[in-house]
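Residue numbers (UniProt numbering), protein chains in the order written: chain A, 1 to 376; chain B, 1 to 253; chain C, 1 to 313.
Incorrect hints may have been included.
To be verified - Listed next, with one range per pair, are the computed distances between beta-carbon atoms:
id, chain 1, residue 1, chain 2, residue 2, range
1, A, ALA167, C, ARG56, 53 to 59 Å
2, A, HIS157, B, GLU230, 30 to 36 Å
3, A, HIS157, C, PRO191, 21 to 27 Å
4, A, ARG183, C, ARG222, 45 to 51 Å
5, A, SER214, B, GLU230, 29 to 35 Å
6, B, ALA251, C, GLY275, 43 to 49 Å
7, C, PRO191, B, GLN42, 28 to 34 Å
8, B, ALA251, C, ARG222, 44 to 50 Å
9, B, GLN21, A, ALA167, 24 to 30 Å
10, B, ASP110, C, VAL139, 28 to 34 Å
To be verified - Derived contacts from chain B toward chain C, CB cut-off under 10 Å, selection only:
id, residue
11, THR7
12, PHE74
13, ASN94
14, SER96
15, ASP110
Unchecked claim - Pairs of lysine-lysine, DSSO-like flavour, derived with a Cα cap of 27 Å:
id, chain 1, residue 1, chain 2, residue 2
16, A, LYS259, A, LYS155
17, C, LYS297, C, LYS77
18, A, LYS150, A, LYS165
19, A, LYS155, A, LYS165
20, C, LYS293, C, LYS240
21, C, LYS223, C, LYS132
22, B, LYS112, A, LYS150
23, C, LYS155, A, LYS222
24, B, LYS112, A, LYS163
25, B, LYS224, A, LYS352
26, C, LYS77, B, LYS248
27, A, LYS165, B, LYS112
28, C, LYS77, C, LYS293
29, A, LYS165, A, LYS222
30, C, LYS155, C, LYS220
31, B, LYS112, A, LYS155
Worth flagging that the hints you see were computed from the coordinates, not collected in a lab. Every residue, glycine too, gets a C-beta built ideally from N, C-alpha and C.
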Amino acid sequence: METRLLTCLQALVSLSLSPLPGRPLTRLCCPAPTKCSFSSHRRRIHSSLSPLDPRCSAVCRSDVFAAASCSTAASKRTLWFGFLFATGWGGDLAHTACSSPPSRLRISLSHRRTLVGSATVIGEENGVIPQANGSARVRLGATDVIVSIKAELGKPHPLQPDKGKVAIFIDCSPTAAPMFEGRGGEELSTELSFALQRCLLGGRSGAGAGIDLSSLVIVEGKVCWDLYIDGLVVSSDGNLLDALAAAIKVALSNTGIPKVTVNLGASPNDQPDVDVSDEEFLQFDTSGVPVVVTLTKVGRHYIVDATSEEESQMSSAVSISVNQHGHICGLTKRGGAGLDPSVILDMISVAKHVGEQLMSILDSEIAAAEASAEDQ
Amino acid sequence: MATNPSTYALSQSSESKQRLQQRRRLFQETDWTRSDGRSFHQCRPAFLRTGATNAASGSAYAEFGVTKVIVSVFGPRESKKAMMYSGTGRLNCNVSYTTFSTPVRGQGSDHKEYSSMLHKALEGAIILETFPKTTVDVFALVLESGGGDLPVIITCASLALADAGIMMYDLVASVSVSCFGRNLVIDPTSEEEACQDGALMITCMPARNEVTQLTLTGEWTTAKINEAMELCLDACSKLAEVVRSCLKEAASG
Amino acid sequence: MAASSTSGSGRDIGGSGGGLAAGEMEVEAYRRLFPLPFYERHLLDSVRPDARPLHRARDTSIALGPVASADGSALVKIGDTTMLAAIKLEVMTPSADAPDEGSLAIEFHMPPICSPIVRPGRPAEVAPVISKQLSDVIVSSGMINLKELSLISGKAAWMAYLDIYCLNADGSLFDAALLSAISSFSHLQIPLVSLSDDGRVVAVPGDLLEDKSTPELVNKERKLLLHSIPFSLTCILHKKYILADPTAEEESIMETSITVVLDSSERLVSIYKPGGSVLAHTSTVKDCIVLTKHRMKELQNILEDSLSAMEVV
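If we strip away everything but chain A, and leave its shape as in the complex, we get:
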């Protein structure tokens, strides 16, 4: 049965058809305004967003937006991308018909920023500080992930006094998929956490980090922000890493870090007093945060945004994170089968292409939502 599914998938993929029943490719192409909910610091507002790109058409559901588009490649074959858009490219990919059944991307920016004054006590002398929360929920087809971000005051690592700290924890809810029951999700959870850390935090020296750690420092060597990024996989239908990375990017974009005023202690060895404002927030710069594109190899082809069904038949998958300069910020390979080095290089160039566009759309989406939030 499994082999039949594989051949069936391969056949469909090479014909550019969606293997999912009830999701013919054309249905996604109904142009309509996109809607997205976005709330500012304490108020909740709804705003409308116009279609993202003239080439992209979007599907609308009450609180949802999804987009997909098609274009014709040199080979006159329609290429499909699950992620928001599609692009065609020419002969360099002749051996890899890059197509995938598009699943819908739904992002709701739930900006519930609650100030939890008494929740956490940081250090004895600092007393109680309010906590800022940023969060985002991203749905890709049936994949549903939530990311929340907490900023707490901490102490920089002694070896890296000029950097804040970021911790990423991903949890796979036991209800998200049958295989996550009991302790089944643990291994995947740690794998996803490490993959995201690799993609977002850059090299050891901090070069190429998606999240600028030096911006988190308050007093060098003494006080810094610790960002806790907690991701929860609510429902799993493949492509978790991409969804989580997108959610982290969106969540970071509406994370406000409280403004702090520092009173340096009398002697240089004293821990400085830090006053945390609960009125003013500094916006986090997320332009450098990369997006992750996972290319899943099924048979001889590789596809973007694979569903669980497709992932069950994959031989291997490569997750590539791409930043705004088109540079590769991290790469992880999954799946047992080996890959020819030239295929990997080809995948990287494909991912760059896909990532750049996904990035620009996510960025403009965030900007538009923010702008409309300020208007209100």
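With the hints as your guide, set chains B and C onto chain A.
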């Protein structure tokens, strides 16, 4: 014995902290010499030997510079009771560190990330169909960590698997490269790893020209990735030859 | 197993060529199916399957300083049993009731690599037992004067973390662990330290020793003085036989063991006989003590040789 938790390791005096800063700056320059006198594209001398633990089905010891690793392979043996029936064999990997492997005494606990990376690097090379219903356990212990730990573990594990007579498509060799500014430095020491801008690690089966595992951190251009991959793949095939000759020696001796 | 196949005793009785191979097979099968009769047949001839006489311990070697990042370390092999021990020194504030004494923390680990019975997350049952025995023996033997570990009375003292890893478990684990522990203590090099401005103890790098600006050193001795070093020998008791230094196979077949620890001035530090089906006569215990005395001389020589070899280098 009740251990006193309030102990601290000897901290480096302020002079050596300055040295660390100096070294960081140095690494950013275009030309510097490595502390062990190697050229940028030269690997550490590799010492490999099979049969470190005779209670295991197969085992190997690897020493690359300061990094010292023992890998034991057990099985194929009965899978855990809770495991469901599987028509193909299972691979179970575990990497742990000794408490004294790092300069500052650690907890010596299991390394979950490396365990899963080791699993991913090996599973593509092992013919799991040859031992259905059973499990092969690959356990690694890092005796001393001196940089490039994971590549050494992977290479050593592949030698141990061969020593245990587990069927594989090819030997697996792994090499990492660090990126400093514009320079690529192969097989970094831990001192170099601590200051690197980015790192790329490749695990491959040289005879089949297949990459079983590839990880990358830091910011890279495509051209740089190309260059680093070529460098690593070349080093991998040379390393695989060393592993092969070690196996031949063990078989003839 | 590899060692036993090369041994010339008892079982290589067959002829040559194909006959030998078939004979080997049968012996190997007999050994697996009827291990006890197999051993008893050997014991009748006062020889063991690995060609050792009953009272002889396996070849023993000590390599000092295999772990560069530790302050003292030793790799000990007794036959195939391999132990790696390393000491790391950290600074602690001594307790109020013993202000001028340092402290020892000894731990024995059996990582999954050493034996098929240990799996990750399921540690071996014997590991904590051996840990406890080791620290009892080392503390009660008085080998180390804890006062030598003091740095500044009431303020700072050394905490010596001794971690022993079993790399290959092939019987007589306690003997090998104790030998690796004492070897690593005799290899221990105490770092020279000074007091920094903020009251912490910091290391003084070797190249700064001549420097006049270096703050005054707190300690001068780099070596611990080891008094009456304990050595041990484990024996298996089976019927009237005493088998010194058993392998893992022998331990699994014949269950009664007795471990004797003597210090270098031949005083008894500990005797450990954890039950078992054989009830030892006092004469048997005496025999074991005599065997341990011989073994102690042997081990002393091996340790001295490795220490002097290190000094030459």
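Here is what the structure says about each hint:
no.	hint	verdict
1	ALA167(A) - ARG56(C): 53 to 59 Å	holds (57 Å)
2	HIS157(A) - GLU230(B): 30 to 36 Å	holds (35 Å)
3	HIS157(A) - PRO191(C): 21 to 27 Å	holds (24 Å)
4	ARG183(A) - ARG222(C): 45 to 51 Å	holds (50 Å)
5	SER214(A) - GLU230(B): 29 to 35 Å	holds (33 Å)
6	ALA251(B) - GLY275(C): 43 to 49 Å	holds (45 Å)
7	PRO191(C) - GLN42(B): 28 to 34 Å	holds (32 Å)
8	ALA251(B) - ARG222(C): 44 to 50 Å	holds (46 Å)
9	GLN21(B) - ALA167(A): 24 to 30 Å	holds (26 Å)
10	ASP110(B) - VAL139(C): 28 to 34 Å	holds (30 Å)
11	THR7	holds (4 Å)
12	PHE74	holds (5 Å)
13	ASN94	holds (4 Å)
14	SER96	holds (6 Å)
15	ASP110	holds (6 Å)
16	LYS259(A) - LYS155(A)	holds (17 Å)
17	LYS297(C) - LYS77(C)	holds (17 Å)
18	LYS150(A) - LYS165(A)	holds (12 Å)
19	LYS155(A) - LYS165(A)	holds (9 Å)
20	LYS293(C) - LYS240(C)	holds (20 Å)
21	LYS223(C) - LYS132(C)	holds (25 Å)
22	LYS112(B) - LYS150(A)	holds (25 Å)
23	LYS155(C) - LYS222(A)	holds (26 Å)
24	LYS112(B) - LYS163(A)	holds (25 Å)
25	LYS224(B) - LYS352(A)	holds (14 Å)
26	LYS77(C) - LYS248(B)	holds (26 Å)
27	LYS165(A) - LYS112(B)	holds (20 Å)
28	LYS77(C) - LYS293(C)	holds (20 Å)
29	LYS165(A) - LYS222(A)	holds (13 Å)
30	LYS155(C) - LYS220(C)	holds (17 Å)
31	LYS112(B) - LYS155(A)	holds (25 Å)
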